[in-house]
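Which chain is which? The protein sequence lines are A and B, in order. Quick note on our numbering: the first sequence kicks off at 1 and runs consecutively. Quick note on our numbering: the second sequence kicks off at 1001 and runs consecutively.
Fair warning: there could be bad hints in the mix.
Between beta-carbon pairs, the in silico distance windows are [unchecked claim]:
{"hint": "1", "chain 1": "A", "residue 1": "I25", "chain 2": "B", "residue 2": "A1275", "range": "52 to 60 Å"}
{"hint": "2", "chain 1": "B", "residue 1": "K1038", "chain 2": "A", "residue 2": "D472", "range": "54 to 62 Å"}
{"hint": "3", "chain 1": "A", "residue 1": "D449", "chain 2": "B", "residue 2": "A1275", "range": "17 to 25 Å"}
{"hint": "4", "chain 1": "A", "residue 1": "L118", "chain 2": "B", "residue 2": "D1195", "range": "45 to 53 Å"}
{"hint": "5", "chain 1": "B", "residue 1": "H1123", "chain 2": "A", "residue 2": "N180", "range": "47 to 55 Å"}
{"hint": "6", "chain 1": "A", "residue 1": "D609", "chain 2": "B", "residue 2": "L1257", "range": "52 to 60 Å"}
{"hint": "7", "chain 1": "A", "residue 1": "L118", "chain 2": "B", "residue 2": "K1038", "range": "51 to 59 Å"}
{"hint": "8", "chain 1": "B", "residue 1": "N1040", "chain 2": "A", "residue 2": "P572", "range": "24 to 32 Å"}
{"hint": "9", "chain 1": "A", "residue 1": "S424", "chain 2": "B", "residue 2": "A1275", "range": "36 to 44 Å"}
{"hint": "10", "chain 1": "B", "residue 1": "N1297", "chain 2": "A", "residue 2": "T400", "range": "40 to 48 Å"}
{"hint": "11", "chain 1": "B", "residue 1": "N1040", "chain 2": "A", "residue 2": "P604", "range": "22 to 30 Å"}
By construction, these hints were calculated from the structure, which means they are not laboratory data. Where a beta carbon is used, it is the ideal one built from N, C-alpha and C, also for glycine.
Here are the chains, one letter per residue:
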Amino acid sequence: MIDFLKIVAKNRLAAFGGILLLIIITLSILAPILPLKEPNITNTADRFMVPFEGGHILGTDHLGRDLLSRLLWGTQLSLAVGFAAAFIAATFGSILGAIAGFYGQKTDNIIMRFIDMLMAFPYILLALAIVAALGPGLFNALIAVALVNIPFFARNIRGVTVTLANKEFIEAARLSGMSNFRILIVEIFPNLLPMIVIAMSTTVGWMILETAGLSFLGLGSQPPQADLGSMLGEARSALITNPHTSFVPGIMIFCIVMGINLFGDGVRDALDPRLKKGSLIRPLPQTIYEGGDTQPQPSTKLLSVQNLSTQFHVNQDIYQSSNDVSFEIQEGECLGLIGESGSGKSVTALSITSLVASPPGVIKKGSVNYKNQNLLALPYEELRSIRGNKISYIFQDPLTTLHPLHTIGDQLLEALQAHDSELSASESISKSKELLKSVQIPNPDNLWDVYPHQLSGGMRQRVCIAMALINDPELIIADEPTTALDVTVQAQILNILNSLRKERKLSILFISHDFGVISQLCDRVIVMYAGSIVEEGPVKNIMQQAAHPYTSELIKCVPQLGNKEHALYSIPGNPPSLNQLPEGCAFANRCKYKQDQCLKESVPVSSKDNRSYKCFYPVGGVA
Amino acid sequence: MNALEAINLSKTYSATDGFFIKNKKNIRAVNDISFTLKENQTLGIVGESGCGKSTLARMLVGLLEPTSGTINLQDKNINQYQRQELGRVIQYVFQDPLSSLNPRKTIYQSLAAPLKYLHQHDHTQIKEKMLSIMSEVGLKEEFLDRYPHEFSGGQAQRIGIARALLADAKILILDEPVSALDVSIQSQVLNLLNDLKRKFHLSFIVISHDLAVVENISDEIAVMYFGDIVEHNSSQKIFQSPHHPYTELLVGSVPTLNKQFADIQTKHTELPDPANPPSGCSFYSRCNYRSDKCQNNKTPINSAQKTPFVSCFHPL
Ligand SMILES: Nc1ncnc2c1ncn2[C@@H]1O[C@H](COP(=O)(O)OP(=O)(O)OP(=O)(O)O)[C@@H](O)[C@H]1O
Ligand code: SF4
Ligand code: SF4
Ligand SMILES: [Mg+2]
């Protein structure tokens, strides 16, 4: 709660609104004990005094009543009625909406038709009609205002309830034997509460205005009692001669509504979970690089990543997601990158072209040698001509790459022309179709006018590969491109990547957590564990005999099809948290071969022939 | 006694269901399938996304009404069970362990629900039972006061399994029980399931797209394609010697440690349109063994629920 208020207070306008509101509410609550004159005692001799005249701080009205006193009492009344109306509308509206959304079908139909009916009338007309039917009076005005606001709550809450009711935890509750009514109360309601609060914060201000409107027309509070609306109504005839009698209640209404709305906006923003995660802060186009002008070691390979360390700074914690990582990729080579979830594969891949979200990401040190320049230190303009062009990416979820509202054809054309503005329209069309053919889409014409969501996962991924190929890249970084796909589709995508690589001499950095996939596609593989590379070498050799205990355990975990007797294998324990990496070997808590040395000393990388590993006591006689 | 029996089960989502309101079509999801699950056995169901696996699972636990067909649980029709009675017989372990837990409830509250509402246990009984099951699935007592977002995928999956066990049902439907987990942890959960099955005399239906997982945990396996069961056989044999062309394709597509890119099918992989199903074999357009007969004749269905079964005119 305190934290929550802190977030709200960060927003200056919201804090201002909150304080304004707090002052007004406190004053109006204190009205009975403040040394005020009686609000309803008339004294026609003193009528229309201007402020500060005769001891009346705000002057008097047309009957000589003290305006300050009437204002505070009137404010109290207006606020009470407004909040009461909001509360009533929220209660009934939410109940109706929740019932409609949860039970659905006929119940939903009946309730929502009724709500639609209410909404068919213009707002204020409906309120007027209701008051006309019930007779004037503040209480009736309250009912009218509450009634006209019920549809707003009902509709919003119904929408949220429908989403909640289809969640798996509701089904789980059903299977636990809870009755529907209990599910509604116990499972759904707590999740609705924040929504209801938000909806109330947006409407209270309006309801106060509406009640004031009714009172202004003489349909709300009846004399001598006055709320802000009726004060304004009574002052109307003297607007020109004695403007202060109108200004006083008018300014108060303005302050109340403004205070509520500013504060309400702040509350809403603070409740938005995206804000808490910091994702509303727009990331920089390029990851922060603290390596200065590190000169990369010369390299004959296409790309050489050298001592790359990428961290995330979240609150007080530092997560070492990529820890002194070095590797090289040759022209035409397919390099596999394997590791468990959270081991830093994606962060490493994104760091290559400074795509790691920053903040919170920071590239602490290291360099990426591409054509004898350090990619990490390039100015943004130069980086842009490489990122997505010469080095392009394919991601696990194609929908993050494709724009949902443009057709496949348009997206390809746009991407082509963005990179080569000299291309004529017909040239671009034929070039895009060629690209689609190269990812084994036999009939590009059928796909041209189709939107991404209309395609199956496999087709979408092919389109993404085609997009990645647009600028004849030298390196494609594929981050688990087949993880979300079915096996038969996966087989085809792997096939496409494999033939592209042969035809175009493409280099591929292929990220996966599946040794089966890696062994089919890749020449060499690097194994990551807890942010570090623990082993590297030709896939064949590593499959035959891993050097690092982790690699060898991981290979044992791969299930083998058609061999039921092959027992399932698992590595006991869990990887360490990346914000609390141990001093010695990160795998030590799960390792069968660990010795005292592994716990105390940081492990050096050893190399032999074309392999390397990071372990004091490698297995299988590799050393 | 059979734990579970499905007879000629079908589900067609009609035009009024969900968001297909505009186009008045019937969407075929599960098409006349039959099988039995024997007591203390595990039946695996494999198939690719969209083939009707989850629809089938949700019908079996009573979350979804079949369009036609019968489900018997322990030799009694599912419609004759009250909601709470049903919960004591069959339970469901959800595919996404996190979304099956209410984000605003502690683990204690989520786990207590089946004990409270299915078995009317009081507080001390609940605590006692809960702790014993939690230690069984490898969860610590201190987890009880935590909220779902504080758990890793593997832990959340164990919580889901614990909840199903607390209902004390003998039949569990497990929908993709390990697909959210890393390989190194997958086997921990699979091994746990195998142990629990022996210890508590459970019967499982395990649904997955991962052939190796299903092969490992199941006694029998049914392969689904486009709403049909196309092959049903023992888990020892089905992937070693597939008889249906689709099973063969599945097996051939699995990347294994020493396979090369040889005979992988590169023809289109799209499923037929479920609103407009083919009149003959649904695998016809992708099949390498097809004949004219396959195009227009319905392939056999397993009404007699026998194994081995192949729904093909030219089995391999
Ligand atoms: N934007 C971010 N803010 C804070 N931490 C992050 C962010 N992105 C990644 N991390 C952390 O970096 C570590 C490595 O994440 P990464 O995404 O590279 O793992 P991965 O190996 O790709 O895993 P997966 O197999 O699940 O894709 C994780 O601990 C993650 O929590
Ligand atoms: S360094 Fe020691 S603890 Fe680490 S993997 Fe090697 S043997 Fe195991
Ligand atoms: S019935 Fe014919 S088309 Fe269908 S799988 Fe068998 S051989 Fe292929
Ligand atoms: Mg990743």
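Could you tell me which of the numbered hints above are not met by this structure, giving the numbers in increasing order?
4, 5, 6, 11
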